[in-house]
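Trainee: Protein chains in written order, with my numbering: chain A, 1 to 121; chain B, 1 to 121.
Treat the hints loosely; a few may be bogus.
Since the list can't tell identical chains apart, any single copy or any two copies may satisfy a pair.
Said to hold, decoys possible - List time: in silico SDA-like cross-link candidates among lysine to any residue, alpha-carbon distance up to 20 Å:
1) Lys100 / Gly79
2) Lys100 / Arg89
3) Lys100 / Arg75
4) Lys100 / Cys88
5) Lys100 / Phe67
6) Lys100 / Gly64
7) Lys100 / Asn7
8) Lys100 / Ile35
Hints were generated in silico from the structure; no laboratory data involved.
If you're wondering where the values come from, they're calculated on a predicted model, not measured in any experiment.
2 protein chains.
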Amino acid sequence: MPSEIGNILAGLPPALSGEVVDTLAESDSVRIERIVSNGQATPEGEWYDQERDEWVLVLAGSAGLLFEGALEPQRLVAGDCALIPAGCRHRVAWTDPDMKTVWLAVHFESTNPPRKAHCLP
Amino acid sequence: MPSEIGNILAGLPPALSGEVVDTLAESDSVRIERIVSNGQATPEGEWYDQERDEWVLVLAGSAGLLFEGALEPQRLVAGDCALIPAGCRHRVAWTDPDMKTVWLAVHFESTNPPRKAHCLP
Numbered sequence: 001m002p003s004e005i006g007n008i009l010a011g012l013p014p015a016l017s018g019e020v021v022d023t024l025a026e027s028d029s030v031r032i033e034r035i036v037s038n039g040q041a042t043p044e045g046e047w048y049d050q051e052r053d054e055w056v057l058v059l060a061g062s063a064g065l066l067f068e069g070a071l072e073p074q075r076l077v078a079g080d081c082a083l084i085p086a087g088c089r090h091r092v093a094w095t096d097p098d099m100k101t102v103w104l105a106v107h108f109e110s111t112n113p114p115r116k117a118h119c120l121p
Numbered sequence: 001m002p003s004e005i006g007n008i009l010a011g012l013p014p015a016l017s018g019e020v021v022d023t024l025a026e027s028d029s030v031r032i033e034r035i036v037s038n039g040q041a042t043p044e045g046e047w048y049d050q051e052r053d054e055w056v057l058v059l060a061g062s063a064g065l066l067f068e069g070a071l072e073p074q075r076l077v078a079g080d081c082a083l084i085p086a087g088c089r090h091r092v093a094w095t096d097p098d099m100k101t102v103w104l105a106v107h108f109e110s111t112n113p114p115r116k117a118h119c120l121p
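Turn these sequences into a full structure, and let the hints steer you where they fit.
Mentor: Structure representation (structure tokens):
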């Protein structure tokens, strides 16, 4: 039987909860998450360095995504998506201080080299 | 290096193109697609019957998702998401006739039984 249908923008956690991650679907090879940020950033000096590829899509709010070696963060707004390849060190430099930022994140086993990865348009 | 950042709601194909599927990221275990529908439905009497799980999220527009055995389609609007387990026969009964319906679809190898699958809230 199919799972229940729900709305990813409904039931957002209260702002006081800090950053909240919910797993929406998961298998051995993939994990689909909703992440709700309330102005949080990756702690200063810390970097994410992940073993799996991560594809992210901002659904609401905005955020600054900084890749190691880049001069400044790339600004993401609603609808913006990016692939973060495994081993590509990055941090969230900022998230919107005035509203909740809702991310969809898909973590998956990478193919090396990646078969295809691009964003639209 | 990370891929370029793009906007999933930008560069939508013209209405005359029919239903258009673009692969945004892909590996051996997962394929992330943007699907843009312009009022199309699954042909009458046809069903999707997929070997992999599919998680879908409607980003714009609306659609009716019918699972075999259900009395009527479930209406999906922007933000609505659902897991369609492998082997779960389904069809798209309708998509919004008045605007483009934009889907995000994540196809992935299922774990049997699924470890986790739910939608929010």
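Trainee: Each hint should be assessed against the structure and marked as holding or not.
Mentor: For each hint, the structure was consulted:
no.	hint	result
1	Lys100 / Gly79	both (15 Å within a copy, 15 Å between copies)
2	Lys100 / Arg89	neither (24 Å within a copy, 36 Å between copies)
3	Lys100 / Arg75	within (15 Å within a copy, 26 Å between copies)
4	Lys100 / Cys88	neither (26 Å within a copy, 35 Å between copies)
5	Lys100 / Phe67	neither (22 Å within a copy, 34 Å between copies)
6	Lys100 / Gly64	within (14 Å within a copy, 29 Å between copies)
7	Lys100 / Asn7	both (16 Å within a copy, 19 Å between copies)
8	Lys100 / Ile35	within (10 Å within a copy, 26 Å between copies)
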